Amino acid sequence: MSEISLSLNGQLIQVPANASLLSMLEDQQITLDSVALVRAGEVVPKSLWALTLCEAGDVIELFGVVAGG
Amino acid sequence: MLTIGDSQFSSRLFTGTGKFASADQMLAALAASGSQLVTLAMKRLDLKAGFDDILAPIRQSGVKLLPNTSGARNAKEAIFVAELAREVLGTSWVKLEIHPDPKYLMPDPIETFNAAKVLCERGFTVLPYVHADPVLCRNLESVGCAAVMPLGSPIGSNRGLETAAFLKMIIEQANVPVVVDAGIGSPSQAMAAMEMGASAVLVNTAIAASRDPVKMALCFADAVSTGRKAYEAGLAQVHQRAIGTSPQQALTAFLSE
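So the protein sequences, as listed, match chains G and C.
Counting with full-length UniProt numbering, you get residues 1 to 69 for the letters of the first sequence.
Counting with full-length UniProt numbering, you get residues 1 to 257 for the letters of the second sequence.
Don't read these hints as lab results, they were simulated from the structure.
Model, not experiment: these values are computed from the prediction.
Cβ atoms here follow ideal geometry from the backbone N, Cα and C, with glycine treated the same way.
Heads up, some of the hints might be wrong.
These stretches of chain C come out as covered by chain G in the derived footprint (C-beta under 8 Å, 3 or more residues) [as the list claims (entries may be wrong)]:
1) 12 to 19
2) 36 to 42
3) 67 to 74
4) 246 to 253
Produce the entire structure from the sequences given, and follow the hints as far as they go.
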């Protein structure tokens, strides 16, 4: 199966060409219910992760929750 | 009970989660505080460094979450952070804070107002962190903010209610809850804010950076509760001159007759 590369929080990773955002996150062992995903500067709602395919050259950023006042 | 937006709170002490020595200490202090609304921040994940999930235990404790927009330098960034927080936490509540100045962390009033307006229009429950500016607070109320959060003194400074005179004006004029946020360094200062008529206070550093955060959280809980009761009981009037509490007739005048 062919692979594509994309940027995840600044790291270049390889994913199968037909990978969804959801499967990519699962492969990366990301805790799904505690992150938000931004693709090309736009928040992608969780409900769309399984339906959205990764594309070569995607720039994806994950944000999580930390302690704060 | 305190009502903000669609939620009710029996505790008027809100707490932050920053600066604790460990997650366990933070959870113990939050529990001791009785706080029902706790703040969190958003951060871009560092995938190499791993990521300590504080969210799961806080969620389990059943408190309401108030994500902040700390790190945002302008309205556009703050709106983006609020959207991220809504996505992660499933809450439309947001503590809107925009403080681009790193030395004093003074909130930017113009960017905060502009962001508040957009976020209210998008259905967020907005609690803006602002300077103790009565005009700004009224303007934020008029665009739909659920509460206002004026500062007592700079974030983390523990200097107390340096803005007291202006907090009083804000409290007098506001039709939404006033939460005194930032700078409260001791239980007596929290109590003073509550006696003044603040609806609640938000405390983080004073608890987290104390020698015994759990004990200090209990002290703040007591102080906030007592201060609120004193406000409800109605403080007696302040006078410039003495007003006697005992009979004032000349008791021993007969001796000189």
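Annotated coverage of the stretch 36 to 42 of chain C by chain G, confirmed only when three residues or more have a Cβ within 8 Å: Held - the stretch 36 to 42 of chain C has 4 residues with a Cβ nearer than 8 Å to chain G, which meets the minimum of three.
Coverage assertion for the stretch 67 to 74 of chain C with respect to chain G, Cβ distance below 8 Å, three residues required: holds (count 3)
Coverage claim, chain G over the stretch 246 to 253 of chain C, checked by counting residues with Cβ within 8 Å (three needed): Coverage by chain G is violated here, the residue count being 0 at a Cβ distance below 8 Å.
Taking beta carbons only, do three or more residues of the stretch 12 to 19 of chain C come closer than 8 Å to chain G? holds (count 4)
Violated hint for the displayed structure: number 4, the only one.
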